[in-house]
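Just so we're aligned, residue 409 is where the sequence shown starts under the working numbering, counting upward by one.
The hints are simulated quantities; they were obtained by calculation from the structure and are not laboratory data.
Just to be clear, a hint being listed does not mean it is correct.
Stated by the list, open to error - Derived Cβ-Cβ restraints for the label pairs, each shown as a range:
(1) 503 / 595: 23 to 29 Å
(2) 500 / 610: 41 to 47 Å
(3) 581 / 542: 18 to 24 Å
(4) 503 / 478: 26 to 32 Å
(5) 437 / 478: 28 to 34 Å
(6) 596 / 486: 36 to 42 Å
(7) 542 / 606: 19 to 25 Å
(8) 596 / 574: 32 to 38 Å
(9) 610 / 437: 16 to 22 Å
(10) 494 / 531: 37 to 43 Å
(11) 503 / 427: 49 to 55 Å
(12) 542 / 430: 20 to 26 Å
Predicted, not measured: the structure shown is a model, and the values here were computed from it.
We put the CB at the ideal spot given by N, CA and C, even for glycine.
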Amino acid sequence: PPVIADICARIKEIPMPDANPAALDFLLTRQSVSAKTLRPPVPSRAELETMLTAAARVPDHGGLAPWRFIVLERPALERLARIAAARGAALGYDAEKIGKGEGQFARSSLAVAVIASPAISEKAPEVEQTLSTGAACVSLVNAALASGWGAAWITGWPAFDRGFAEEALSLAPQEWVAGFVHMGTPGSAVGDRPRPALDRIVTWVAA
Numbered sequence: 409p410p411v412i413a414d415i416c417a418r419i420k421e422i423p424m425p426d427a428n429p430a431a432l433d434f435l436l437t438r439q440s441v442s443a444k445t446l447r448p449p450v451p452s453r454a455e456l457e458t459m460l461t462a463a464a465r466v467p468d469h470g471g472l473a474p475w476r477f478i479v480l481e482r483p484a485l486e487r488l489a490r491i492a493a494a495r496g497a498a499l500g501y502d503a504e505k506i507g508k509g510e511g512q513f514a515r516s517s518l519a520v521a522v523i524a525s526p527a528i529s530e531k532a533p534e535v536e537q538t539l540s541t542g543a544a545c546v547s548l549v550n551a552a553l554a555s556g557w558g559a560a561w562i563t564g565w566p567a568f569d570r571g572f573a574e575e576a577l578s579l580a581p582q583e584w585v586a587g588f589v590h591m592g593t594p595g596s597a598v599g600d601r602p603r604p605a606l607d608r609i610v611t612w613v614a615a
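Just need the whole structure built from these sequences, with the hints factored in.
Here is the structure:
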């Protein structure tokens, strides 16, 4: 039929994307850096804006942008460390747990809080919006790594504590912390970790 023939002709006109071996090699070898090793210097605002632009370029059904970014510079991180310490004490946590929550902010020089900000949508269920938020997190880490910086996506108990989220980050009721992406200069060499074998995680379905 003419309609099908027209569609086929249009498809043939769509150019295939060019291969990008450098990008593929990066993805095959990328690895996060331990947040504990990150030191100054840190990315500039201009560099960070480029990374955030890349992080926002992720699958997003309905174009809802169900996430946002809070850039935390050193004074803000010091404030979050104090809030985490006070919040952990109020919750009755032991010193070790409080220290872990406080420490990720106390030792960091730059971090981005990735905030899930779901919208009411008939087209995109909330689970899809959550997956899009996770994609934004990993894309931000990859953008930092591709720019020559160390980066790590971590959470810790402060990310899941509602009281901390509201006091430290002023989140709206429907929002939650997907993670903190810490950035900086690695203070030590990075060793790779074992990766899963494909025969454990891949199923091929031919028919």
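Evaluated hints:
1. 503 / 595: 23 to 29 Å: At roughly 25 Å between Cβ atoms, residue 595 and residue 503 fall inside 23 to 29 Å, so the hint holds.
2. 500 / 610: 41 to 47 Å: 45 Å Cβ-Cβ, so the 41 to 47 Å window holds.
3. 581 / 542: 18 to 24 Å: holds (21 Å)
4. 503 / 478: 26 to 32 Å: The hinted range 26 to 32 Å holds for residue 503 and residue 478, with Cβ atoms some 28 Å apart.
5. 437 / 478: 28 to 34 Å: About 30 Å separates the Cβ atoms of residue 437 and residue 478, which means 28 to 34 Å holds.
6. 596 / 486: 36 to 42 Å: Since the Cβ atoms of residue 596 and residue 486 sit about 24 Å apart, the hinted range of 36 to 42 Å is violated.
7. 542 / 606: 19 to 25 Å: Given range 19 to 25 Å: holds, Cβ gap about 22 Å.
8. 596 / 574: 32 to 38 Å: Since residue 596 and residue 574 have Cβ atoms about 35 Å apart, the given range 32 to 38 Å holds.
9. 610 / 437: 16 to 22 Å: Hint holds: Cβ distance 20 Å, inside 16 to 22 Å.
10. 494 / 531: 37 to 43 Å: With a Cβ separation near 41 Å, residue 494 and residue 531 satisfy 37 to 43 Å, so the hint holds.
11. 503 / 427: 49 to 55 Å: holds (53 Å)
12. 542 / 430: 20 to 26 Å: Holds: the Cβ-Cβ distance is about 25 Å, inside 20 to 26 Å.
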